[in-house]
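K.L.:
Protein chains in written order, with my numbering: chain E, 1 to 143; chain Y, 1001 to 1121.
I should point out that these hints are in silico values taken from the structure, not numbers from a laboratory.
Glycine included, each C-beta is placed from N, C-alpha and C at the ideal position.
Be aware that one or more of the hints could be misleading.
[As the list claims (entries may be wrong)] Have a look at the derived ranges for each label pair, beta carbon to beta carbon:
| id | chain 1 | residue 1 | chain 2 | residue 2 | range |
| --- | --- | --- | --- | --- | --- |
| 1 | E | 93 | Y | 1070 | 35 to 45 Å |
| 2 | E | 24 | Y | 1117 | 51 to 61 Å |
| 3 | E | 89 | Y | 1025 | 52 to 62 Å |
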Amino acid sequence: MIRDLVLRVIAKLLIPFVLLFALYVQFHGDFGPGGGFQAGVITAAAVIFYAIIFGLPAARRFAPDWIIESMVSAGVLIFGGVGVLGIVLGGNYLDYFVLAHDTVHGQERGIFWVEVGVAVTVSGVMLKIFYMFAGRRRDLDQA
Amino acid sequence: MTLAGHYSYWVTMFLMISGLYIVIARGNLVKKLIGLGIFQTSVYLLYIAPGKLIGGTAPIVAASFSTYSNPLPHVLILTAIVVGVATLALGLAIVVRIREAYGSIEEDEILEKDQAGEDGR
């Protein structure tokens, strides 16, 4: 944990905006540059920033390992679920056209949920990699 | 096309050669991985730059646009970026293990320890 007051205050000020920017990138992905990959990495970067300033145990209290690990698989499940939903509603796998009453809205709805799945998995994997690198010595000592 | 008209290729070549140089010339394993990252970036640029059309937009059909950039290189490179992240994580994991086994991430020191070990046996 870093005891520098300036860093701690600035971190607390910045992290909400980093998360807000992640949401902007996430929802902007339908129309332009952006999307799930970038938003997921920015979300993970916010938590990694928190971990660097306030220490790894604090970050692990905020985002425990079991949540991170479920995020990794939940995102894939959302992505696959959108695809299977297409089959259930009478289309092909990952067919967005059938998800709403007309084609354009179906496309928008489909890409939205696919991007949500991508963002959840990417941020989960990024945080898992960070936790495993940062907590390596600690986990070995505790074991 | 003039020489300056191909400037994206010049940038690509510069990044590619500097990345390759770092991988070969630096002994520090983390710096080698940074060089590998720069090399990968040049490959991304090599693929993405020809896909861009001047005045082209994202390939979403709309009434006000008629020119679209080619999305195929972008999708290819999206996969390459994900592979790049995985390679970087794997490389760093190996560096962490090397640091634990040898106490150093400098290539010459690691080789020195390897040679000393062989002579001692």
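K.L.:
For this structure, which hints from the list above don't hold up?
P.N.:
1
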